[in-house]
Structure formats: structure tokens, C-alpha cells
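Trainee: Listed here are the chains, written in short residue letters.
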Amino acid sequence: MMRLRAKPVMKGVAQGEAIVSRMPISFTGGMDPDTGKIREPGHDLEGQSVAGKILVFPTGKGSTTGSWQFYAAFKRGNAPKGIINANAEGVVAVSAIITATPMVHQLEKDPLSCIRTGDYVTIDADNGIVEIQKRTAERGC
Amino acid sequence: MELNEKQKHMLLGDRGHGVRKAMEILVAYGDCYGARRMIPVTSVHMAGNFPVLMDEGIEWLEDLARDGTQVSVFTTKNPEMYDFEQVESLHIPTIYQIRQKRIHEALKALGLVLTYSCHHYLVGNVPRFGDHIAWASSGSQVFANSVIGARSNRDGDHVALAAAITGVIPEWGMHLDENRKGGMVIDVSRLPMDTYGPADYKALGWHLGKLVGTHIPVVINLPKDIHIEGIKGLLYTLTVTGAAGLVHLVGITPEAPTLAAAFAGSPPQTPDVVPSQRDVDKAFLEISSSSEEKIDMVIFGCPQCSIQEVQEIASLLDGRTVHPDTKLWICTSRWVKTLCERMGLLERLGASGARVLCDMGAADGPHLYLREQGVRVIAINSARGSYYAHNLFGMDTWFGSTEDCIRSAVSGKWEGRK
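For the protein sequence lines, the chains are R and X, in the order given.
Residue numbering for the first sequence follows this note's numbering, starting at 33 and increasing by one per position.
Residue numbering for the second sequence follows this note's numbering, starting at 2 and increasing by one per position.
One thing to keep in mind: the hints can contain errors.
Selected chain R positions facing chain X (Cβ under 10 Å, derived; list incomplete) [said to hold, decoys possible]:
no., residue
1, M42
2, S99
3, A104
4, K113
5, N119
6, V123
Since the hints were derived computationally from the structure, they do not count as laboratory data.
Yeah, the Cβ is synthetic: ideal placement off N, Cα and C, and Gly gets one too.
Chain R extracted, bound-state conformation (with noise of 0.2 Å):
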């Protein structure tokens, strides 16, 4: 198990399944609240959910309305338990702040290149800790 010290956004402990997106994601448009799935056309993780996953990406982009739609998505019960950003944005640190979303951020690693997709990752943002146990026997970042 690998674990890495990371700057809280918003506090909470999740546990889950990885899914990791080496592109910016905007909740506007890209994901759709009904389903969790990523719409945005030619993104790294389209027609794939987030709903309950625990989402590491490299940070926010797109309309400042996403975190009405994360709101949106969050209490239909189609958003991520948690969120790992390389650096974290204005939208998405605010959509983690009013659904009470685990979310931290700036990682002593790079997580794009520590997590992999699958991987059980546990996000303590209260003492701003990040544990990886690797799905695969590959060696770590």
C-alpha cells in the first residue's frame, strides 16, 4: 500500500474504486447528472460513470454553472465519493464544498501517474493522507 500526503480541499474520509482522466473535466456539458457518465465528446473517459467512484483528475475547466450540475448529479445519487485533483479549480472545489465531498489536492506525487483506474484508493482529508492499494502487481510511482 502506497500512501501520500495531500492538501485537503474538503474534509471527510471515501473509500473506493479509482477512475482516473488525464484530461480536464467541465461538469457543464461533460458529465451528465443523470447517469455520472462523462458526454463530453473525445474525452478520455467518455460513455464511462463516476457515479460513486472515487474521481482523480488534473483539475477543473468549463462554465462556473458546473457546480449546480454537480449539485445536481450529487443528489441523484450519480456523483463521485471522492475527488483527487493535481490542482484544484474553482468549480469543482466548490461543488465538493456544498455536497460535503472528500476532495484534496497538490499530492507529494503526481496521482495521474501513482493511480491507475481500478485501483482501491482511500481519501482521508481530514489528516490530508491518500492510501493506493494497486489493483495489479506494478510497481508504484
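Fit chain X to the given chain R structure using the hints.
Mentor: For chain X alone, coordinates are given in the frame of chain R:
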């Protein structure tokens, strides 16, 4: 981030649940951008209406207001879905009326000034040069930064409302001098500016938005007598295809009386952008998304029409009649509609078959029910309105000048560029 005693108490919940939630939002938001402290705001504007909020957003607003939480700063509100006094004649479905009423009641409880207008700077929300503000509406935000010289980031509604409630905003981005320096020169001297009307400025803005990236554009060689509608056309469209929050219009923007002042001592490394008329012509055509000649509707008011624009439409329509199969709507604020009534414009426009509607804009709210009422192809003189009506509501759109749109309303077919 450093908080003073009052702000710490807000965060602890001493001032109630709504105030604590607001301060939590601001602290997390400020931390993301490395803000060191909170600064007071003097003016706030909230944007979202039902298509953006959805049912869950309405619940969020109701929850925020439940313990009597109110805004502490002058806060205005963007347009809603329909004219509050025309519910029957617009055939607004009950499901939308119920939701609209809940939004209205929640905003009233929170203490917002219920302008339902996106030209809020024409109806009383006028910051002054150097004021720190939180305007959640990308078009008016860039207008505030670039024309008034007030300072606003591209804040979303949650941040804007949190600022309105607490009276403060994290100090980062556009609030700081060092982030307001120009980063890219745009020289418009090769364009035939003396022939330019608002629609041409919108096409220019569409083209430029795609080029500016994260740079702050500095536009030089604009005509000295450029009309405010030209400035609005350029700025409001730039934020559709780009993310510029501030555009230095040299000789117009208060911080940019000269090119040197726009750079504040550090000239940009990027080469000058010199758009050609061919670029602007290409952009002009790109804004339209339709290929069908017959139009169902002409809609004006993104942003809502000023009294001058309504007067212009009325003169262009005098003695002519809107085609029986085509609607012509002019969306504006209640303030301007009242003026129209007093000045006999409602009657004049009505005689030609046009309607003046208020509390709503031409970009988003009405398309929700217009589509259900069979409206599919629209003509509009706003590039921004065309973009949102097409991308958020699936409308087929034609973009052109006000004159193009009026000729099309009369013939029932698109008469502008295609």
C-alpha cells in the same frame, strides 16, 4: 488563509448555518488559488435560472435561506424564464410556473434585489472604478472589468452568493494589480472600422476569443467614437469563444489610457494579432448553426435590449408587419419595458406584430418552453444568444444584424448572410 475575528466566527457557525456554509465555500475557493486574505465586496450579481439550477439547485437555495440567512451586499439577479405578467399569454406550463415561483420566493427571502436583468448596470447596479465585486455572469463580468474598471473574477453563483452573504471575497486573480496587465496585442487597424456595426463587432469578438487563450487582450486602433453597443458586442462575444475576464480597450478601459499603461511596464512576449476582414467574415458565418431558410422566430435581447435598441427596432419595423407564421420577441428588463409603455413603443411594436417581454433574456430561459411549443429555427442578433440557444437547447440559429433580423421577421425567411 488569514481570517479576521469576524470571519472566523462566521466559519464556526456563530452567525447561523447559511453564513457558515457561505464562509466554507469562500475559504475553500480562496485556498485553491492561494489567496492570503478576504477583501470586502461592494456589489454582487447572481446568474443561474431554472435550466441551470434544476430542482436540486432550487432546494439548495431554499436550504440556504431556511434560517433567515440574507445577503449583506447589494445583489442583483439575472433574467428568469418568462415575463412574470405574461404567464397566461405565453402558455407557460404549470411545472415551470411552480419552479419559477419557488426560485422567486427563495431569492426574495435571501434579500436579493429582484431585477431579473442582465443589464443590471443599467438598472442600478453600478460599481465604480477600482471596486471589488463578484459578478457571476461572464458577459457582464468582462464589461465590469474592461469598461467600468471594477474588479471581478469569473465567479460562479455559489461563490457570488457566498460573497453577498458574508460581504467578502478571497483576494486573488482580477482583484490584484499584477494580474491585470495586458498579455497580447490585438491591432484592428486592417479592418474597415468605419463600416462596423454591433454585429460586426460580435463577429470580431467571436474570432478573437479563440485566439486569446489565457492572455489578457489589449485591443488597439478601435475608432474613438465606437458606440457602447459595439463595445458590448465585442466583449460579450469574446467570453463565449474564450475565457477572457478583462480586455484592455486602449483609450476606453480606465486602466488603459495608453498602450504602455495597459502593460504596466512589462510588454508581452507574444506577437501582435492583426485580424483581417476575411477572419471576421468567416467568424460571422460560423456563428449561425442553421441551414433552413424558413424561420419560426426572431428573438432580441442577449443581453437584454436597452431602451435605445428597442427604439431602433421600432423604427426599423415602422409601417411593416411581422410575417403571420413568425414570432418577433424583444426581451428586456421590467425597467425598460415600463419606459416602452410610457413612450408608446409597446403599442407601436404591437401594431407590427412584435412583443416586448421582460424578466427574461433571449439566450436560455424561454427556449425551454419555446421548443415544446414548436419553435425550432430562430434568428438572433446576438452571437452569445445563438451559441447558448443552439448548444444548450438545440435550437437552429441564424445570426445577423438587427436589420437582417427585422427583414427576416417580415418575410418569414432568413434574409441575412448565409
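Trainee: Could you run down the list of hints and mark each one as holding or not?
Mentor: Verification of the supplied hints:
For R:M42, the suggested interface contact is upheld, since its CB lies about 6 Å from the closest CB of chain X, less than 10 Å. The closest approach between the C-beta of R:S99 and any C-beta of chain X is roughly 5 Å, which is under the 10 Å cut-off, so the hint is satisfied. A hinted interface residue such as R:A104 counts as satisfied when its beta carbon comes closer than 10 Å to some beta carbon of chain X; here the least separation is about 4 Å, so the hint holds. This hint is violated: R:K113 has a C-beta 17 Å from the nearest C-beta of chain X, more than the 10 Å allowed.
With its C-beta approaching chain X no nearer than about 8 Å, R:N119 sits inside the 10 Å limit, and its interface hint holds. Interface hint at R:V123: satisfied, since its Cβ lies 6 Å from the closest Cβ of chain X, which is below the 10 Å cut-off.
Checked against the numbered hints given earlier, the structure breaks only hint 4 and satisfies all the rest.
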